[in-house]
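Colleague: Turn these sequences into a full structure, and let the hints guide you.
Each chain, letter by letter, is given below.
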Amino acid sequence: MNPAEELKQALPGSVMSTGMQVDKPLAVIKKEELLAAAAKVKEMGFDHLSVITGIDYTDRFEVIYNLFSYKKKENLVLKVILDHNNPEVDSLTSLWKGANWLERETYDLVGIKFAGHPNLVRILLPEGWNGHPLRKDYDMDTEQFVTIGEDGEDIVSTDGSNLLRRK
Amino acid sequence: MDPVTIDTTKISTIKKKPQTALEKLEDTGLIHTVLSAKDRKGLILLTTVDQIFNWARLSSLWPVTSGLACCAIEMMGVAMAHHDIARFGMEIFRASPRQADLMFVAGTVTKRMAPRVKQLYEMMPEPKWVISVGSCSNTGGPYHESYSVLKGVDLIIPVDVYIPGCPPRPEAWLYGVIQLREKIKNEGYGAKWGINK
Numbered sequence: 001m002n003p004a005e006e007l008k009q010a011l012p013g014s015v016m017s018t019g020m021q022v023d024k025p026l027a028v029i030k031k032e033e034l035l036a037a038a039a040k041v042k043e044m045g046f047d048h049l050s051v052i053t054g055i056d057y058t059d060r061f062e063v064i065y066n067l068f069s070y071k072k073k074e075n076l077v078l079k080v081i082l083d084h085n086n087p088e089v090d091s092l093t094s095l096w097k098g099a100n101w102l103e104r105e106t107y108d109l110v111g112i113k114f115a116g117h118p119n120l121v122r123i124l125l126p127e128g129w130n131g132h133p134l135r136k137d138y139d140m141d142t143e144q145f146v147t148i149g150e151d152g153e154d155i156v157s158t159d160g161s162n163l164l165r166r167k
Numbered sequence: 168m169d170p171v172t173i174d175t176t177k178i179s180t181i182k183k184k185p186q187t188a189l190e191k192l193e194d195t196g197l198i199h200t201v202l203s204a205k206d207r208k209g210l211i212l213l214t215t216v217d218q219i220f221n222w223a224r225l226s227s228l229w230p231v232t233s234g235l236a237c238c239a240i241e242m243m244g245v246a247m248a249h250h251d252i253a254r255f256g257m258e259i260f261r262a263s264p265r266q267a268d269l270m271f272v273a274g275t276v277t278k279r280m281a282p283r284v285k286q287l288y289e290m291m292p293e294p295k296w297v298i299s300v301g302s303c304s305n306t307g308g309p310y311h312e313s314y315s316v317l318k319g320v321d322l323i324i325p326v327d328v329y330i331p332g333c334p335p336r337p338e339a340w341l342y343g344v345i346q347l348r349e350k351i352k353n354e355g356y357g358a359k360w361g362i363n364k
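Protein chains in written order, with my numbering: chain A, 1 to 167; chain B, 168 to 364.
No wet-lab data here; the hints were simulated from the structure.
C-beta: ideal position from N, C-alpha, C; glycine also.
Check each hint, because a few of them may be wrong.
Some, not all, of what chain B presents toward chain A, calculated at C-beta under 8 Å [as the list claims (entries may be wrong)]:
#: 1; residue: Lys278
#: 2; residue: Arg279
#: 3; residue: Ala281
#: 4; residue: Pro282
#: 5; residue: Lys285
#: 6; residue: Tyr288
#: 7; residue: Leu322
#: 8; residue: Ile323
Modeller: Next up, the structure:
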């Protein structure tokens, strides 16, 4: 039995469906039950959260957690489907420490909020950047520029006259 | 079989090594007119001072140690023994922009890195030159349609030579260096300040 089926037998109420994500077992979890399901998954031996991905499907958001077990050498993919207007899901930093930066990256680029995250600020783009660039409705027409302030902090503006040689 | 014997007295194609200061100056090919004043035991140079300055500048360009992305890996290849940028007198990659007069913009200039690159350029003393290496720093390259990459480093600093490639091979890199040397050779004194030319 693959770990996704195993998870469904253990928690039938929180797993919506199971299947395969390419060649990895996939379990779609209810977003309210994610923290409980993830705790069960960690008990099953999945000790490494390798990557978190957020995808914008214009009518919904999906957050995908790729997990790996160093003991059993197995993969497992968890997926939650979020509302497009208010994408918010529980943070997994209490279970896997590595989730901290991965969730910050997903917040930075896709704009998904992780409830209970200790430090949910942008990780790649500077503070003050307008919009989340991997969303489908991101405005690519207005260019944003970064300049350095007095104390070495990044200042974001659409006016590049301090930086550019000519307009 | 008899060993081939070479009559060394008949070989005249070997160029004589310049001995005196006058011959050395003429050997550079940059000095048009050099007169020697016998009674003064010195030399009189009847030429523009540009050419001596340019010859000195192009013969020891010191690049600043800065790499932005994968082109910087190629920069290491150019500097190592196989391609050997020391042939052009540029083996000293200075760790401080204050001591450098050439900047290789080697790699992707992201929006966040752009003000730092500009600051690095402004910290270099005059005269200074910039070589933009690779598609990313020339035009943005594969990231042209990106939200986070500057569409060419020439938007923020003046560029003398562009080297295309992704990344360019060391041979292309050295060709770009030779092009810059040609450019410096033809510069007028004060060209950077807009006095000549």
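Colleague: If a hint holds in the structure, say so; if it does not, say that too.
Modeller: Structure-based check of each hint:
| no. | hint | verdict |
| --- | --- | --- |
| 1 | Lys278 | holds (5 Å) |
| 2 | Arg279 | holds (5 Å) |
| 3 | Ala281 | holds (6 Å) |
| 4 | Pro282 | holds (5 Å) |
| 5 | Lys285 | holds (7 Å) |
| 6 | Tyr288 | violated (11 Å) |
| 7 | Leu322 | holds (5 Å) |
| 8 | Ile323 | holds (6 Å) |
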